[in-house]
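> Residues per chain are reported as follows:
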Amino acid sequence: MTLEELRKIAAAEQQTQQKYGHRVHVCIAAGCLSSHSDLVKEALRKEVLESGMQSDVLVKGVGCMGLCSAGPLVAVEPEGTLFAGVKAEDAAEIVAGLDSGAPAATSCPTDVPFFERQQKIVLENSGKIDPERIEDYIAADGYAALVHALAEMSPAEVIQQVLRSGLRGRGGAGYPTGLKWTTVAKAGEERKFVICNADEGDPGAFMDRAVLESDPHRVLEGMALAAYAVGAQQGYIYVRAEYPLAVKHLKTAIRQAEHMGLLGNSICSTRFSFHVDIRLGAGAFVCGEETALLASIEGRRGSPRPRPPYPAEDGLWGCPTLINNVETFANVPPIVRKGGEWFAGIGTEKSKGTKVFALAGRVANTGLIEVPMGITLREIIFQIGGGIPEGKRFKAVQTGGPSGGCIPEQYLDSPVDYESLAKIGSIMGSGGMIVMDETSCMVDVARYFMEFCKSESCGKCVPCRTGTAQLHDLLAKITEGTATPAELALVEELCDLVKHTSLCGLGQTAPNPVLSTLRYFREEYEAHIAKKECRAGVCQMHASGEVMP
Amino acid sequence: MKTPVRVKTLTIDGQEVGAREDQTILEVARENGIEIPTLCWLAGLSPVGACRLCLVEVRGVARLLPACVTRVEEGMEVTAHSERLAAYRRSILELLFAERNHVCSVCVSNGHCDLQAIAMKLDMTHVHFPYQYPRLPVDASHERFVIDHNRCILCTRCVRVCDEIEGAHTWDVIARGVECRVITDLNQPWGSSESCTGCGKCVQVCPTGALSEKGRSVAEMSKRRQFLPYLTLMREGRR
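Top line first, the protein sequences correspond to chains A and B. If you read the first sequence in numbering that gives the first Met the number 0, its first letter stands for residue 0, the second for the next number, and so on. If you read the second sequence in numbering that gives the first Met the number 0, its first letter stands for residue 0, the second for the next number, and so on.
Only chain A is shown next, with the shape it has when bound in the complex:
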């Protein structure tokens, strides 16, 4: 495959699509699929066929369009109209209105902040291309970066672009991606691996799922570029088995890319070979931790080991291994295609580019959004998210899942970047963002996350295994109204212990939801203990109010 051949495929595909006067995009990603968008797609196809418009109207399944709460979503190109909450029986009305442009009952405005305030890099093709057709990806400049890099760039030049872009790991910790690539590239061994961490486990987070379902080739291209840059021959995608559609799309994508010579042996007739295989996670949250992930791929029990040595020098089967998150890899093709400087021009001084967030909880528009780094939480929640529904008051936003913290109203104007979020006691995390209003009890939120960590702790190290269990029991007592002030002190002591003595990131960050709610909502804890009162009305207090023995 040469750049010319690639362009030919792209041109042919674009021409085919231009033939159609209307291209009807139906979201078939997991969100809309769960409300039967597959039936909608079939109904639309049938309707087009019955009205004899099949030469003018193309109905195709696409990935996530973002506004998941209003699914199933249907978009019509090139007009750019959007229909929300579409049912199979709405097909006739939509098809009938295609030529006249008459609005349908399900029409949804697109000139709202939800769409206009976003900036899409990772999700640029999401909701536009058919994830199961490689030609559609190629027509959207797909694989151009890989083919160009193999022909024109040295591995060091690829790393140089990533370094210049300032891209940082999107899995949560924000380690500079270029630096990680440099260390793996410098490791002397012959055998090296590239691993894509798609074991997305934070409650309420579905960024990686959407990327894999909507644009799987982008991740494969990013991995291939990484493999070329660091000198790896084999790649693995560690994806959770709970994402069957993502796995299906990935398998199709790998097969197609191999068929076209964009993966496999002698890619683009060069000496570079790169194979990608899928490994399914069996539902352990801790396997998102990189050393546990490695153990799991090797067929061992998924429990972390102390670092150093880091996977960059001692990874899969003892070989140097590069592990990046789905979203990180998805950022790589446009960086190589458009140059690191272009990417570095977006975002803040230390956090470059965009970030995908899964907006969930008590907010009007829930779904998937991509925003430039440095945007404020207020803009995300009140403009893009459309504010709090039912006239309720905003209380806190939780970022970073069980490793993150709750951010109160006074910090709504903080910019969203790695450093700012860390300063106010939370983390960027992988991109989960849960909005809470006055009906949420912060003690109960902390208890919920601790219950999650307790059951997901691998059990290897003592503080995480027994500390999270103790913390959960104590927090449960507080929510039942049976705790004493001394037990609150014990909670604080255990938080400090678990945070500083646990083996891996799971334990070290498990106390964060408790610590941040204690920092900003301490009076709620005290009200539960002293007055046996839950102002949000969530916790069921023991009627007697007596301390249980």
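One should not assume that every hint holds.
Stated by the list, open to error - Below, computed lysine-lysine pairings styled on DSS-like, alpha-carbon distance capped at 27 Å:
no., chain 1, residue 1, chain 2, residue 2
1, A, Lys45, A, Lys247
2, A, Lys250, A, Lys7
3, A, Lys185, B, Lys7
4, A, Lys119, A, Lys349
5, A, Lys349, A, Lys337
6, A, Lys498, B, Lys120
No lab work stands behind these hints: they were computed from the structure.
Once you've looked at the hints, dock chain B against the given chain A.
Leaving out everything else, chain B in the frame of chain A:
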């Protein structure tokens, strides 16, 4: 050509010590008479850094590091004993005592128990966390040995000695978090295990009374671990 052995100098608790570059902080500390408590670590088995008792402070490193797996570095300044570390170590021990039933007075290993010995050494006078005491089974199906899960601290010494020294890999860990338990084969009764050779190494390395020989009464189960340094030494000599 022989690769030269590089040596490093560092300080542990202010004491200047010399070390080979492939040594860990724990090894060097013990060579120099500086005691760092450990439970999961055992000479001859691969270190796992799980019990967290050997955590030390290293100047310039924000995190606490497990001495059993951290290699020495030139100019490292290690603090193995401080108020903060002592408090953490006591708390971790207390968490272990609170996790399962560790009533020494009725234990076969009373007086011969690593957990008990460390608790006394570190002045752990009481447990200030709520006791959890789940009801766990005792498996006495093996003809010579017994496992009492109520005394197990999940150090995985048995798992490692069986895998690394005996080569049978009869033991492993099942489930997650506080639900974890060591199991034989694929969670079959020990007595019906087909991989177990009955060598008893697991029993001898077990730090507590979780694994014991049948027929031992309270305080009668002392462990004989001489075989481990001997086997390790012999195997290293052969290489």
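> Hint by hint, say whether it matches the structure.
Hints, one by one, checked against the model:
no. : hint                : result
1   : A/Lys45 / A/Lys247  : holds (25 Å)
2   : A/Lys250 / A/Lys7   : holds (25 Å)
3   : A/Lys185 / B/Lys7   : holds (25 Å)
4   : A/Lys119 / A/Lys349 : holds (19 Å)
5   : A/Lys349 / A/Lys337 : holds (20 Å)
6   : A/Lys498 / B/Lys120 : holds (25 Å)
The earlier numbered hints are all upheld by this structure, with none contradicted.
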